[in-house]
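Visitor: Protein chains in written order, with our numbering: chain B, 1 to 130; chain A, 1 to 99; chain Y, 1 to 117.
Read the hints as simulated data drawn from the structure, not as lab findings. Careful: at least some of the hints might be erroneous.
To be verified - In the PhoX-like style, the derived pairs of lysine-lysine whose C-alpha atoms are separated by at most 20 Å in a straight line are:
(1) A/LYS92 to Y/LYS69
(2) A/LYS92 to Y/LYS2
(3) B/LYS47 to B/LYS85
(4) Y/LYS2 to B/LYS125
(5) Y/LYS2 to Y/LYS69
(6) Y/LYS69 to Y/LYS25
(7) B/LYS125 to Y/LYS103
(8) B/LYS47 to Y/LYS103
(9) Y/LYS2 to Y/LYS25
(10) A/LYS92 to B/LYS125
To be verified - Beyond 10 Å from chain Y on every Cβ pair, some chain A residues (computed):
(11) ALA18
(12) ILE22
(13) GLY71
(14) GLY88
Just so you know, even glycine gets a beta-carbon here, dropped at the ideal spot from N, CA and C.
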Amino acid sequence: MSPEMPVEGTSERPVLLLFRRPPYGTVFPAEGLRMAEALLAFQLPVKAVFLEDGIFNLVKGQGNATLAFGDLGAAFAGLIATGLKELLVVQEDLSARRVKIEDLVDAPIRAIRVTELRALVDEAKVVMPF
Amino acid sequence: MKLHIISRSASSHSDIEAAARIASGALLLIEDGVLSAVNGSPARELLQRLMDEGVLVFALQEDLEARGLKGVFMLEGIRTVDYDGFVGLVEKYEVVPWL
Amino acid sequence: MKIGILLMAGPYQHEAADTAYHFAKAALARGHEVLGVFLYTDGVNVANRCIAAPGHRNLAQMFSELGAKTRVVACGTCARFRGLTKESLSTGTTMGGMGALVKFLQDCDRFLVFGGG
Numbered sequence: 001m002s003p004e005m006p007v008e009g010t011s012e013r014p015v016l017l018l019f020r021r022p023p024y025g026t027v028f029p030a031e032g033l034r035m036a037e038a039l040l041a042f043q044l045p046v047k048a049v050f051l052e053d054g055i056f057n058l059v060k061g062q063g064n065a066t067l068a069f070g071d072l073g074a075a076f077a078g079l080i081a082t083g084l085k086e087l088l089v090v091q092e093d094l095s096a097r098r099v100k101i102e103d104l105v106d107a108p109i110r111a112i113r114v115t116e117l118r119a120l121v122d123e124a125k126v127v128m129p130f
Numbered sequence: 001m002k003l004h005i006i007s008r009s010a011s012s013h014s015d016i017e018a019a020a021r022i023a024s025g026a027l028l029l030i031e032d033g034v035l036s037a038v039n040g041s042p043a044r045e046l047l048q049r050l051m052d053e054g055v056l057v058f059a060l061q062e063d064l065e066a067r068g069l070k071g072v073f074m075l076e077g078i079r080t081v082d083y084d085g086f087v088g089l090v091e092k093y094e095v096v097p098w099l
Numbered sequence: 001m002k003i004g005i006l007l008m009a010g011p012y013q014h015e016a017a018d019t020a021y022h023f024a025k026a027a028l029a030r031g032h033e034v035l036g037v038f039l040y041t042d043g044v045n046v047a048n049r050c051i052a053a054p055g056h057r058n059l060a061q062m063f064s065e066l067g068a069k070t071r072v073v074a075c076g077t078c079a080r081f082r083g084l085t086k087e088s089l090s091t092g093t094t095m096g097g098m099g100a101l102v103k104f105l106q107d108c109d110r111f112l113v114f115g116g117g
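Same shape as in the complex, but just chain B (with noise of 0.2 Å):
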């Protein structure tokens, strides 16, 4: 066995990404998944929150035509397909904007609340908003 093997069971913090604006009125979360997508690419450890405004990001059936910026909905849940285990949101700040899960995009999807948020926030070494 090569010295250089990572030993077994050592696990790296994990890279949080925090989504809390909502797609495109801003750039913030189409470049957080970009972010993502690169990140989980170089085999990092990710994971990643909607919470406040950014668990609009999830919502189905997104796109108007004239407008043409995309389906971001359906980027996030082709993270899976990358490498990302789940897309957590937060179920305090779905049930204050009246959104239940059904409203999202069919990906696995798991609701936390809050004091998991604080959880997975102390568990990274790092964390960026988007």
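For this one, chain B is given, so just place chains A and Y on it according to the hints.
Guide: Structure of chains A and Y alone, referenced to chain B:
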């Protein structure tokens, strides 16, 4: 325990509320965020509550001075740090930026 | 400590570019290793050599100065979206891919993000 960095004013954005949901450790107000350190800011009760809970609240001195905000305007209990002190805080805590 | 920085705001439009610069300088002054400043989204524009700001602080010059002491890397894709070419880059700054940022993320003890708006 992390260093939560706030860069927008509470009068226009709810970043402090967002951070307060999970904050422990310290909060640093920079850029327009220093306006929340003013005694009359809409965030005063929330900042007071955070301080009562043991969260240390700091405001960046250079940003306060650039805006002519001095001691007389400030919410009691908020400490000021300059850029050197900002780095000192980063030595102690990992950072959570609330952009 | 090893510190990585991400800048997501352009010159003058938002204070974040200034904050990133002053923070990086203060960190270096305190003896830390700033692994680099990765310029993302509009942040790439601080590396534009054509910035002229007579009578005012010149952000391109500030980041060139920083580039002599640490790495200032402009995201290539973001640069293309904004029409910033390799030829337009100011001294001390380079164009790079996400691989550069990934290295900062892997090696750093602390990581800061400046930007917004």
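Visitor: Give a verdict on every hint.
Guide: Structure-based check of each hint:
1. A/LYS92 to Y/LYS69: violated, 24 Å
2. A/LYS92 to Y/LYS2: Since the Cα atoms of A/LYS92 and Y/LYS2 sit roughly 13 Å apart, the hinted pair holds (cutoff 20 Å).
3. B/LYS47 to B/LYS85: holds, 8 Å
4. Y/LYS2 to B/LYS125: holds, 13 Å
5. Y/LYS2 to Y/LYS69: holds, 14 Å
6. Y/LYS69 to Y/LYS25: Holds, at about 9 Å.
7. B/LYS125 to Y/LYS103: Judged against 20 Å, a Cα distance of about 14 Å means the pair holds.
8. B/LYS47 to Y/LYS103: holds, 18 Å
9. Y/LYS2 to Y/LYS25: holds, 14 Å
10. A/LYS92 to B/LYS125: holds, 13 Å
11. ALA18: holds, 13 Å
12. ILE22: Consistent with the label, A/ILE22 stays out of reach of chain Y, its closest Cβ about 17 Å off (over 10 Å).
13. GLY71: holds, 22 Å
14. GLY88: violated, 8 Å
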